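Q: Chain by chain, the residues:
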Amino acid sequence: MSSTYNEAAEASHSNYKSYIIGFALATLFTLGSFAFVMIDQVPKKVAFFGLSIAAVLQMLVHVRYFLHLDNSREQRWNVFLLVFTAVLVFIFVGGTIWVMYSLNSRMM
Amino acid sequence: MSTTISSSSAAHAIEHGHADHSEIKTFGFWIYLMTDLILFSTFFATFAVLCKNYAGGPGAKELFDVPSVFVETMLLLVSSVTFGFAMIALNKDNKKQMLTFMVITGLLGLGFLGMEVNEFAHMIAEGAGPDRSGFLSAFFTLVGFHGLHVTFGTLWLIVMMIQIVKMGFTTGVKSRLVRLSLFWHFLDIVWVGVFTFVYLLGVI
Numbered sequence: 001m002s003s004t005y006n007e008a009a010e011a012s013h014s015n016y017k018s019y020i021i022g023f024a025l026a027t028l029f030t031l032g033s034f035a036f037v038m039i040d041q042v043p044k045k046v047a048f049f050g051l052s053i054a055a056v057l058q059m060l061v062h063v064r065y066f067l068h069l070d071n072s073r074e075q076r077w078n079v080f081l082l083v084f085t086a087v088l089v090f091i092f093v094g095g096t097i098w099v100m101y102s103l104n105s106r107m108m
Numbered sequence: 001m002s003t004t005i006s007s008s009s010a011a012h013a014i015e016h017g018h019a020d021h022s023e024i025k026t027f028g029f030w031i032y033l034m035t036d037l038i039l040f041s042t043f044f045a046t047f048a049v050l051c052k053n054y055a056g057g058p059g060a061k062e063l064f065d066v067p068s069v070f071v072e073t074m075l076l077l078v079s080s081v082t083f084g085f086a087m088i089a090l091n092k093d094n095k096k097q098m099l100t101f102m103v104i105t106g107l108l109g110l111g112f113l114g115m116e117v118n119e120f121a122h123m124i125a126e127g128a129g130p131d132r133s134g135f136l137s138a139f140f141t142l143v144g145f146h147g148l149h150v151t152f153g154t155l156w157l158i159v160m161m162i163q164i165v166k167m168g169f170t171t172g173v174k175s176r177l178v179r180l181s182l183f184w185h186f187l188d189i190v191w192v193g194v195f196t197f198v199y200l201l202g203v204i
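If you're matching them up, the sequences are chains A and B in order.
Just so you know, we're using this note's numbering here: the first sequence kicks off at 1 and counts up by one.
Just so you know, we're using this note's numbering here: the second sequence kicks off at 1 and counts up by one.
Just so you know, the hints here were simulated from the structure itself, not pulled from any lab data.
As the structure is a computational prediction, the values presented were derived from the model and not from experiment.
Heads up, the beta-carbon is just placed ideally off N, CA and C, and yes, glycines get one too.
There's no promise every hint is true.
Result set (EDC-like, lysine to aspartate or glutamate): computed pairs, CA atoms no more than 20 Å apart in a straight line [to be verified]: (1) B:Lys-25 x A:Asp-40; (2) B:Lys-25 x B:Asp-131; (3) A:Lys-17 x A:Asp-70; (4) B:Lys-52 x B:Asp-36; (5) B:Lys-166 x B:Asp-65; (6) B:Lys-166 x B:Glu-62; (7) B:Lys-52 x B:Glu-62; (8) B:Lys-61 x A:Asp-70; (9) A:Lys-44 x B:Glu-23.
Covered stretches of chain A, as calculated for chain B (at least 3 residues, CB under 8 Å) [claimed, not checked]: (10) 21 to 35; (11) 42 to 55; (12) 62 to 75; (13) 85 to 94.
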């Protein structure tokens, strides 16, 4: 990975474009999220889904333009590990919320 | 002839082995980052469960100052970009430019930490410390854990600046800088989760 990873990283490190694009997109999502909250007219459910989607998209922007992860052969294991971790995080967080909220509603 | 072949292939093997070594280090660090992500996710899960347990104390709406969270977010985001620029300077072997961008990155990191410490101090002074309610315990654990990461990232940044000045761009220094850049960008990604799910969802 590394010699290949470093080369790939070096290739994309050597231009500013990737960081500028990443910064522009990330700022767009950040501003959007904060504006969503500051406007204060949005129903709670819509806000929840809107903010969650914006957060996930912004994280993907960071991974693509700052960490320079792509679907090239050299980075397959990095991506594989990230996807596996994302599944684990989904199970941990989603499972915890599901179990605890269900318990909470049964205790009411 | 056979000696030349074997010696050249041995040299090749050493070179190759060396490359593999650095490869394994970067991949190992990536594995560490992913396990760190899992650790963060358990704190996020805890916060999600406890986020409404105010125990009669102050809630998210009274405590969180959205504009200052926005400033913190932008500080961290810009520091990610300046670190990227520092890595570009590294690949150009431009020591002066590299150090300039690293100093800027470090100052932005310190600015973020200063704002966070200030926020925590205010909350504790108002009687909204981590012992006040389940919500606040979970809040201080999650956000404090992220702040601790940024603190160590900034320390590492300072150590690397000293190494660049004293040792120059050696192979070791370069490979450490690659790992530090991964760490720094990773912390910014975790912060996206923090400002969205802790601060913004808290105040809506």
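Q: Taking 20 Å as the top limit, are the C-alpha atoms of Lys-44 (chain A) and Glu-23 (chain B) close enough?
A: Outside the cut-off at roughly 46 Å; violated.
Q: Verify the proposed pairing of Lys-166 (chain B) with Asp-65 (chain B), using a straight-line Cα cut of 20 Å.
A: violated, 42 Å
Q: With a Cβ-Cβ cutoff of 8 Å, does the segment 62 to 75 of chain A contain at least three residues near chain B?
A: Answer holds; 4 residues pass the 8 Å Cβ test.
Q: Using C-beta distances, would you say chain B covers the segment 85 to 94 of chain A, given that this needs three or more residues below 8 Å?
A: As far as the segment 85 to 94 of chain A goes, the hint holds, because 5 residues have Cβ atoms under 8 Å from chain B.
Q: For the pair we were handed, Lys-52 (chain B) and Asp-36 (chain B), check the Cα-Cα distance against 20 Å.
A: It is violated: about 26 Å lies between the C-alpha atoms, which goes past 20 Å.
Q: Apply the coverage criterion to the segment 42 to 55 of chain A and chain B: a residue qualifies when its Cβ sits closer than 8 Å to a Cβ of the chain, and three qualifying residues are needed.
A: holds (count 8)
Q: Does Lys-52 (chain B) pair with Glu-62 (chain B) here, judged by a C-alpha cut-off of 20 Å?
A: holds, 13 Å
Q: Can you confirm whether the C-alpha distance between Lys-17 (chain A) and Asp-70 (chain A) stays at or below 20 Å?
A: holds, 16 Å
Q: Does the segment 21 to 35 of chain A contain three or more residues whose Cβ lies closer than 8 Å to a Cβ of chain B?
A: Holds: 7 residues of the segment 21 to 35 of chain A have a Cβ under 8 Å from chain B.
Q: Hey, Lys-61 (chain B) versus Asp-70 (chain A), does the alpha-carbon distance stay inside 20 Å?
A: violated, 39 Å
Q: Going straight from one Cα to the other, do Lys-25 (chain B) and Asp-40 (chain A) come out at no more than 20 Å?
A: Given pair Lys-25 (chain B), Asp-40 (chain A) is violated - Cα atoms ~47 Å apart, limit 20 Å.
Q: Under the criterion that the straight-line Cα-Cα distance not exceed 20 Å, is the pair Lys-25 (chain B), Asp-131 (chain B) satisfied?
A: violated, 40 Å
The structure is inconsistent with the numbered hints 1, 2, 4, 5, 6, 8 and 9, although it conforms to all the rest.
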